[in-house]
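*Asks:* Counting from 1, position 173 in the sequence shown corresponds to residue 651 in our numbering; the numbering is continuous, with no gaps.
Simulated from the structure, these hints should not be mistaken for lab results. One or more hints might be untrue.
What the hints assert, rightly or not - Derived DEER-like restraints, expressed as beta-carbon distance ranges:
no. : residue 1 : residue 2 : range
1   : Arg723    : Ala769    : 48 to 58 Å
2   : Gln611    : Ala762    : 42 to 52 Å
3   : Gly647    : Glu606    : 51 to 61 Å
4   : Arg753    : Arg589    : 26 to 36 Å
5   : Ser663    : Ser778    : 56 to 66 Å
6   : Gly517    : Glu766    : 44 to 54 Å
7   : Ala710    : Ala762    : 27 to 37 Å
8   : Asn530    : Phe772    : 50 to 60 Å
9   : Glu606    : Glu688    : 32 to 42 Å
10  : Ala614    : Glu765    : 19 to 29 Å
11  : Arg672    : Ala762    : 42 to 52 Å
All C-beta atoms, glycine included, are put in the ideal place defined by N, C-alpha and C.
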Amino acid sequence: MAMTSSPGSITPAEVPAPYGNGPSGAGLPGSDPTEKPAGRIRIHHLQQAKDNGEHFAMLTAYEQYTAEIFDQAGIEVLLVGDSASNNVFGNETSLPVTVEELLPLCRAVARSAKRALVVADLPFGSYEMSAQQAVATGVRFLKGGLAHAVKIEGGTFYTETVRAMVQAGIPVLAHIGFTPQSEHSLGGYRVQGRGNDAQRLIDDALALSEAGAFGVLMEMVPAETAAAIDAAIRVPTIGIGAGSRTTGQVLVWQDMAGLRGGKMAKFVKQYADLRTTLAGAAKAYGEEVRAGQFPGPEHSF
Numbered sequence: 479m480a481m482t483s484s485p486g487s488i489t490p491a492e493v494p495a496p497y498g499n500g501p502s503g504a505g506l507p508g509s510d511p512t513e514k515p516a517g518r519i520r521i522h523h524l525q526q527a528k529d530n531g532e533h534f535a536m537l538t539a540y541e542q543y544t545a546e547i548f549d550q551a552g553i554e555v556l557l558v559g560d561s562a563s564n565n566v567f568g569n570e571t572s573l574p575v576t577v578e579e580l581l582p583l584c585r586a587v588a589r590s591a592k593r594a595l596v597v598a599d600l601p602f603g604s605y606e607m608s609a610q611q612a613v614a615t616g617v618r619f620l621k622g623g624l625a626h627a628v629k630i631e632g633g634t635f636y637t638e639t640v641r642a643m644v645q646a647g648i649p650v651l652a653h654i655g656f657t658p659q660s661e662h663s664l665g666g667y668r669v670q671g672r673g674n675d676a677q678r679l680i681d682d683a684l685a686l687s688e689a690g691a692f693g694v695l696m697e698m699v700p701a702e703t704a705a706a707i708d709a710a711i712r713v714p715t716i717g718i719g720a721g722s723r724t725t726g727q728v729l730v731w732q733d734m735a736g737l738r739g740g741k742m743a744k745f746v747k748q749y750a751d752l753r754t755t756l757a758g759a760a761k762a763y764g765e766e767v768r769a770g771q772f773p774g775p776e777h778s779f
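Build out the structure end to end from the sequences listed, making use of the hints.
*Replies:* Here it is, written out as structure tokens:
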């Protein structure tokens, strides 16, 4: 689709204070402008948001500067997603990315975000073989990646995996609905939980939350199904293409900010047009260098 500035774009002056000053962020750290600077967002703060009928925001981040910017803008949760595979490393899907590739990205984000909760994706092949493998990989992300929690994809089958990880002290965010790591077995990018299939996702969410997952992320799920899941479980829900009845929302930052080109998914709203901005800056720089205009006297010693 054409990359144009969204009517909902915000200017720097309109960026909200950290973690919100309105009703939607009333129970989260930093929501009261008169209080002292708040500490780290923790998983119990997300639970408080669910209990109070509030909402929180989540964005992907893969390196220092976006982590710092999003953190200062008040984004409560940063996801070091396996989406780095196709948004950082140039792969077509999330499947090729490895633990070794994600760990340094996770460290950069965790070191740069002073208040946001940092969640790391466990990549394909790093947790599916056994609960023991999942615990070992989760430990690597908390110790070596400095993450505060991890995310895994899958339904009821992973109940014992989640339970083992939580017992080992690893906070787990469950991911159901369309799970990109299962793209081939699901038959491509398809909405999950339509009609009679809704009960399967409700059962998945109940099983995973009862096993100890601190939240359930739902991707490409009909809004009605997502609302039913949110009502059925105690823990907060996070949506991406799952309607507005979830506790939180997540987007890939390059989609949200208009950096990535091409057709956007239906659930994406672009709040800026960074692709055009960066292209214009690069073009102007190249033209000035070729014309001998840069560097000028003011840039020389």
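*Asks:* Hint by hint, which ones does the structure fall short of?
*Replies:* Hints 3, 7, 9, 10 contradicted; others consistent.
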